[in-house]
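A.B. asks: Let the sequences and hints guide you as you build the complete structure.
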Amino acid sequence: MRLQRIAVGASVLFALALWPGVASGQGLKLTGYADFEAILSNVDSDNSELVFDNHHFNLIGIGALITNVFAAVEVEYEHAGEEIALEYGYIAYTGLSNLTIAAGKFIVPFGRFNKDLHPTWINRMPDRPHGFSDILPQTYSDVGLWVSGGAPVGTSGARVVYDAFVVNGLLGADSSSIRGMRNNDREKLSGGGRDDSKSFGGRLGLELGPQGFDIGASAYIGNYLDDPDRNLTLSIYGVDAAFRHQGLELRAEGVLATQDVTGGDLTKKGGYAQAAYLIQSQFEPVVRFSLRDMPGESADAQRLSFGFNYYLAANTAVRIAYHINTEETGFESDNNQLIVQWTMVF
Amino acid sequence: MQTTKRTSVACAVFVALLAASTTVRAQQSGVELWSQTCSRCHMMQPANRYTADQWETIMVDMRLAARLSADEAEAILNFLKGGARRVAASGASPAPAVLARLASTELLLPTAALTGAEVFAQQCVACHGKEGKGNGPAASALNPRPADLTDQERMNSVNDEALFELIRDGKGTMPGFGSLLEPEELVAVRDYVRALSQPEQ
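In order, the protein sequences belong to chains A and B. At position 309 of the first sequence (counting the first as 1) the number is 1154 in the working numbering, and the numbers step up by one without a gap. At position 192 of the second sequence (counting the first as 1) the number is 204 in the working numbering, and the numbers step up by one without a gap.
Read the hints as simulated data drawn from the structure, not as lab findings. Since this is a predicted model, take the numbers as computed values, not measurements. Keep in mind that the hints are not guaranteed to be accurate.
[Unchecked claim] Just the calculated beta-carbon pair ranges, DEER-fashion:
{"id": "1", "chain 1": "A", "residue 1": "ASN1076", "chain 2": "B", "residue 2": "LYS142", "range": "53 to 59 Å"}
{"id": "2", "chain 1": "A", "residue 1": "ALA1120", "chain 2": "B", "residue 2": "ASP172", "range": "42 to 48 Å"}
{"id": "3", "chain 1": "B", "residue 1": "SER169", "chain 2": "A", "residue 2": "LEU1183", "range": "44 to 50 Å"}
{"id": "4", "chain 1": "A", "residue 1": "LEU990", "chain 2": "B", "residue 2": "ASN168", "range": "57 to 63 Å"}
{"id": "5", "chain 1": "A", "residue 1": "ALA1120", "chain 2": "B", "residue 2": "ASN171", "range": "43 to 49 Å"}
{"id": "6", "chain 1": "A", "residue 1": "ILE1169", "chain 2": "B", "residue 2": "GLU173", "range": "54 to 60 Å"}
{"id": "7", "chain 1": "B", "residue 1": "LYS142", "chain 2": "A", "residue 2": "VAL896", "range": "48 to 54 Å"}
{"id": "8", "chain 1": "A", "residue 1": "LEU1157", "chain 2": "B", "residue 2": "SER169", "range": "26 to 32 Å"}
{"id": "9", "chain 1": "B", "residue 1": "GLU173", "chain 2": "A", "residue 2": "LEU1053", "range": "37 to 43 Å"}
{"id": "10", "chain 1": "A", "residue 1": "LEU1157", "chain 2": "B", "residue 2": "ASN168", "range": "29 to 35 Å"}
{"id": "11", "chain 1": "A", "residue 1": "VAL896", "chain 2": "B", "residue 2": "ASN171", "range": "55 to 61 Å"}
{"id": "12", "chain 1": "A", "residue 1": "THR1171", "chain 2": "B", "residue 2": "SER169", "range": "51 to 57 Å"}
{"id": "13", "chain 1": "A", "residue 1": "GLU923", "chain 2": "B", "residue 2": "ASN171", "range": "51 to 57 Å"}
{"id": "14", "chain 1": "B", "residue 1": "ARG166", "chain 2": "A", "residue 2": "ALA1120", "range": "31 to 37 Å"}
Using N, Cα and C, we set each Cβ at its ideal position, and we do this for glycine too.
C.D. replies: Next up, the structure:
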């Protein structure tokens, strides 16, 4: 089984690698991003350890062979392991002026980090902030329908943007962790199990163009229980804001999840605030604070991160980050991390 | 379950309203949209990184990623194609294709020639800034940064012919505007740029 997966994955990668040559001039484009990390954990203790990680080598294919219809796929090879997964793969229709319709597996458009900012060549830090792992389980892809678009408002350059989706939804056992609800196996459920309810949501945003100020609000609502006779709702709400001026970028995002469980509900909160300043288009100091507030203090955590990015070019960066972690788990009292990452989009 | 139904109905109504607004047109030029939209997520990628054909495919996907309307995506694409990398093997230049598309695009092709100041405001300010100091809204995300057009020593080292060619053909991360502007507009904006570095009389 393992060999079979590797063989299939290798075949996909090989086909994609040949794609540009075969498809040159036919409206097909192969792109992607890759990164390499050196992670030094438990920096301040006697148990420090250094790990190399080939976190991503993702290939993205875009095909636009027919007018107003295109397909996009991202194949993710993660952590240099045995798994080669489909991050997304969808078909989209662009024939309407202010509306694009996509169908298939897509990255769920909730907030900014999950859909837009998580690729390492875009993310100002080498890894994700608290709140975008346990609460909004980034990177969260799902199968369904997605509509998206935007339109100018007035003549000042402001735009309203929107995303709306209906998907199969996150799926798990009563009280289970949200992160563990991803990648549910639909084939396993055929012929029984979950009812046919779907999950809904979207994001509504306002972009004040020349002022560089963006705000948005997101929602995800659905039944998460693998049981047609019971209904336990998972609701996730998010807000995001960003401001850019010259080289300065300020960004903040928060998520709040309410998870019905037998006999009550669980509330999970998290978010981050980040400031970055790009100097001479090459050097970028970054500071980020993120936290999560989970049911039971033992899972609470905070992280203060200091980073420095060096852009060799617009598509290549070396990022250095130092995480000061504060956790309530009791046994990890001193697990600060130093991460050096080299990332590139191609 | 009531909550889910209410949410789905609200989403459907909202999307229907937006989809119905198909007459809403882009208010900004391609370069303005490019400078404001792309940097919302990532570093600006120079126009000459890809060929015109590649930009065409990329922009199809970016329209969905950046929630652009059809004419906004078209305006950005036209701007990027102006500076796209030429394909030497086929000898093909994107210029004819761009011109053909521009003929039906009211966003960027004026009916009458623009003055140098108008061209500068429309095509140059996003990167070079209102005063030409190289500090426009997109400048901080460009590597290398746009030139300071008020630098007298730098500008004096480039004669008029070379400056015209630079604006027409582009250089480094700067796209060429030869396919977007009329010849008289190229001359006009060259003269306007030249004047930025000259001491006031």
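A.B. asks: Which hint numbers does the structure go against, in order from smallest to largest?
C.D. replies: none
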